[in-house]
Amino acid sequence: MGRPAAAAAADPDYAHAISVRDVYINYRSVIDPRTNTLRHSLARMGRSTRTARVIEAVKGMSFDVDHGTVLGIIGANGAGKSTIMKAIAGILPPTTGEIVVNGRISTLLALGVGFNGHLSGRENVILGSLAAGLTRRQVNERFEEIAAWAELGEFIDMPMKAYSSGMYGRLAFAVSTHLDPDVLLVDEALSTGDAHFRRKSYEKMQELVGQARTIVIVSHGIGAIKEMCDDCIWIDKGKIVRRGSPAEIAAEYLEFQGVPQSEKIDEAAEGSDDLADDFAMDEV
Amino acid sequence: MTQPSLKPAADAPIDDIDDIDDTEDAMVVELPAPEKLGAVEPKPDPTRVTPLEAREHHVFRSRRSGVPRMREYLPELWGRREFVLELARCTLRAQNYLNAFGQLWLVLNPLLLGCVYFTLVDIINDSAHAQNYFTMLLGGLFLYNYFSGIVSQSTGSIIGSSRLVLNSRLPRLVLPITQVGIAFMRFLPSMIVFLAAHTIQGVPWGLSAFYAIPALLEMTLFAAGLGFIFATLQVYFRDIANILPYMTRIWLFLSPVLFQLAPEIAKPGLKSRVIELNPLSPIIGSWGNALVYNTPPPVSWLLEGAAWSIVAFVAGVLIFTRREREFSVRL
Numbered sequence: 001m002g003r004p005a006a007a008a009a010a011d012p013d014y015a016h017a018i019s020v021r022d023v024y025i026n027y028r029s030v031i032d033p034r035t036n037t038l039r040h041s042l043a044r045m046g047r048s049t050r051t052a053r054v055i056e057a058v059k060g061m062s063f064d065v066d067h068g069t070v071l072g073i074i075g076a077n078g079a080g081k082s083t084i085m086k087a088i089a090g091i092l093p094p095t096t097g098e099i100v101v102n103g104r105i106s107t108l109l110a111l112g113v114g115f116n117g118h119l120s121g122r123e124n125v126i127l128g129s130l131a132a133g134l135t136r137r138q139v140n141e142r143f144e145e146i147a148a149w150a151e152l153g154e155f156i157d158m159p160m161k162a163y164s165s166g167m168y169g170r171l172a173f174a175v176s177t178h179l180d181p182d183v184l185l186v187d188e189a190l191s192t193g194d195a196h197f198r199r200k201s202y203e204k205m206q207e208l209v210g211q212a213r214t215i216v217i218v219s220h221g222i223g224a225i226k227e228m229c230d231d232c233i234w235i236d237k238g239k240i241v242r243r244g245s246p247a248e249i250a251a252e253y254l255e256f257q258g259v260p261q262s263e264k265i266d267e268a269a270e271g272s273d274d275l276a277d278d279f280a281m282d283e284v
Numbered sequence: 001m002t003q004p005s006l007k008p009a010a011d012a013p014i015d016d017i018d019d020i021d022d023t024e025d026a027m028v029v030e031l032p033a034p035e036k037l038g039a040v041e042p043k044p045d046p047t048r049v050t051p052l053e054a055r056e057h058h059v060f061r062s063r064r065s066g067v068p069r070m071r072e073y074l075p076e077l078w079g080r081r082e083f084v085l086e087l088a089r090c091t092l093r094a095q096n097y098l099n100a101f102g103q104l105w106l107v108l109n110p111l112l113l114g115c116v117y118f119t120l121v122d123i124i125n126d127s128a129h130a131q132n133y134f135t136m137l138l139g140g141l142f143l144y145n146y147f148s149g150i151v152s153q154s155t156g157s158i159i160g161s162s163r164l165v166l167n168s169r170l171p172r173l174v175l176p177i178t179q180v181g182i183a184f185m186r187f188l189p190s191m192i193v194f195l196a197a198h199t200i201q202g203v204p205w206g207l208s209a210f211y212a213i214p215a216l217l218e219m220t221l222f223a224a225g226l227g228f229i230f231a232t233l234q235v236y237f238r239d240i241a242n243i244l245p246y247m248t249r250i251w252l253f254l255s256p257v258l259f260q261l262a263p264e265i266a267k268p269g270l271k272s273r274v275i276e277l278n279p280l281s282p283i284i285g286s287w288g289n290a291l292v293y294n295t296p297p298p299v300s301w302l303l304e305g306a307a308w309s310i311v312a313f314v315a316g317v318l319i320f321t322r323r324e325r326e327f328s329v330r331l
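Residue numbers (the numbering used here), protein chains in the order written: chain Z, 1 to 284; chain Y, 1 to 331.
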């Protein structure tokens with residue numbers, strides 16, 4: 001921060017919004033949870049029995065994301081998409097390798113992080129926004145906007161335990177998207193809610209895209225990826241398989257997943273007139 | 001959708017695209033035409049695009065790379081102070097939400113605790129104790145309760161906030177620090193009970209009372225440091241939370257809460273040596289001297305307490321921050 005622009009640009013560390021460099025991420029999965037105790041540690045001393053299984057979630061990924069790009073990440077379940085997203089967000093440290101991010105990061109990895117069910121919607125908006133890094137003044141400025149977007153009316157002052165899951169999702173999404181990020185990471189948060197909410201969240205995402213922010217979206221909704229993204233990465237078993245335009249990659253991915261050809265033709269014919277159908281059709 | 005291209009810019013933030021110099025380093029920002037969807041027309045807002053050189057810069061490396069740079073970590077932590085305050089307030093409010101007496105429990109709890117210990121000591125000592133014993137007991141007891149509250153709540157703070165740890169970019173030290181805040185907010189109402197007993201028993205006040213402030217500060221730092229260490233340990237050894245209540249109970253009996261410090265350490269014997277070595281002894285002893293016995297505490301007590309608290313706090317911060325990136329892997 002505060003470096004002269006020319007130097008900043010020349011330095012490869014500042015050239016891209018996100019730089020993932022040869023990242024490996026391993027999870028430790030405990031084979032038997034009871035072996036995490038002292039008794040077993042002592043009993044095991046001297047013997048080389050394995051207590052944990054190492055799961056290689058990400059195996060040597062490298063890619064750069066330019067400022068202002070909207071990148072889509074697709075892949076089968078368990079491919080490593082959420083893992084790499086958490087690493088880019090700084091939540092999960094890489095086992096080896098390095099990730100450089102330029103800009104304020106905001107994450108939409110789970111809805112309602114930091115929310116407390118006993119408190120009212122209003123209090124949770126304040127808590128959730130502060131948890132994400134806003135100052136109190138910024139929260140006060142944005143509160144009306146957030147409340148209006150969520151369309152909760154008088155429910156905003158009732159305890160969130162009383163909310164339906166849709167209302168909860170609306171408020172949580174409203175908080176997460178009003179945080180003014182430079183880099184926004186979205187993981188499957190678009191796939192909740194009714195058709196009206198999905199349309200609204202889609203429009204909100206388009207607004208953020210229009211403000212030239214860098215956005216990375218992980219979704220199984222291929223239609224959403226094709227509509228919103230400039231660039232697409234297909235990840236499988238912890239590695240990048242292909243990178244290219246969303247249309248190409250989506251077609252190859254659907255073929256790989258075994259989606260029958262006839263469905264793909266129908267989808268092309270329908271176009272993107274009916275948004276809800278787009279989401280439903282491509283749910284893999 | 002056309003992709004905006006960002007090339008390196010001049011130093012000034014971009015307020016107006018026309019103002020940009022057409023030099024080698026000029027930035028050209030071509031924002032995509034707004035996508036029209038339904039009734040909403042998103043407005044491209046060039047003033048909200050942070051210039052390249054002003055953006056935050058994050059580098060994430062392996063979790064084995066040790067303590068994070070304090071120059072970056074501490075300002076980030078300080079930036080979250082409003083969240084700490086809000087979370088502490090909300091947690092306290094939510095805890096007594098369903099109780100009939102509600103927030104009155106913040107006063108009832110310490111009062112009832114004082115009665116428990118008074119009854120205990122009364123029975124053991126056959127009612128042979130000093131006139132101001134109840135005040136002395138409450139004074140030490142509430143301070144000790146503050147200490148054990150910080151330590152036990154901090155121990156569970158990481159495990160208990162797994163959602164926050166796994167899904168957000170919080171500096172993790174925020175979580176035990178919030179518990180320190182909550183414990184302090186519980187400590188204040190207990191002081192009301194103490195002051196009431198103080199007044200009822202007619203214990204005199206004096207200038208020595210001001211020594212209570214350094215004593216409280218030392219206690220806070222010491223407890224926080226231990227809290228950070230236990231919070232870290234708990235992630236690796238979940239049993240710590242089970243051992244802790246017994247540890248704090250025994251520690252209570254070895255601290256000058258149920259007895260007065262000065263006469264106790266003057267006695268010969270192993271127990272007195274252990275009491276002398278107890279880090280809490282000088283701190284609670286100073287507190288008692290200031291508020292109950294109306295005598296300035298010996299300088300050696302204050303210095304000893306300060307040394308323990310600074311060492312514990314620094315060690316706690318270093319141990320915690322060194323390990324905090326592993327938490328999201330271990331939870």
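No lab work stands behind these hints, which were simulated from the structure alone.
Using N, Cα and C, we set each Cβ at its ideal position, and we do this for glycine too.
Hints may be right or wrong, so weigh each one.
[Claimed, not checked] Residues from chain Y that keep clear of chain Z, each with C-beta distances beyond 12 Å, as calculated: (1) Leu-164; (2) Leu-170; (3) Pro-245; (4) Phe-253; (5) Gln-260.
[To be verified] Label pairs and their computed distance ranges (CB to CB): (6) Z/Ser-164 <-> Y/Pro-245: 14 to 22 Å; (7) Z/Asp-157 <-> Y/Ala-130: 47 to 55 Å; (8) Z/Arg-53 <-> Y/Arg-89: 19 to 27 Å; (9) Z/Ala-247 <-> Y/Arg-81: 28 to 36 Å.
So, going through the hints one by one against the coordinates:
1. Leu-164: With a cut-off of 12 Å, Y/Leu-164 comes too close to chain Z, as the shortest Cβ separation is near 6 Å.
2. Leu-170: Not fine: 7 Å to the nearest Cβ puts Y/Leu-170 too close to chain Z.
3. Pro-245: Correct as stated: the minimum Cβ-Cβ distance to chain Z is 17 Å, above 12 Å.
4. Phe-253: holds, 25 Å
5. Gln-260: holds, 38 Å
6. Z/Ser-164 <-> Y/Pro-245: 14 to 22 Å: Roughly 40 Å apart at Cβ, these two residues miss the hinted range, so it is violated.
7. Z/Asp-157 <-> Y/Ala-130: 47 to 55 Å: holds, 53 Å
8. Z/Arg-53 <-> Y/Arg-89: 19 to 27 Å: The hinted range 19 to 27 Å is violated for Z/Arg-53 and Y/Arg-89, with Cβ atoms some 42 Å apart.
9. Z/Ala-247 <-> Y/Arg-81: 28 to 36 Å: violated, 47 Å
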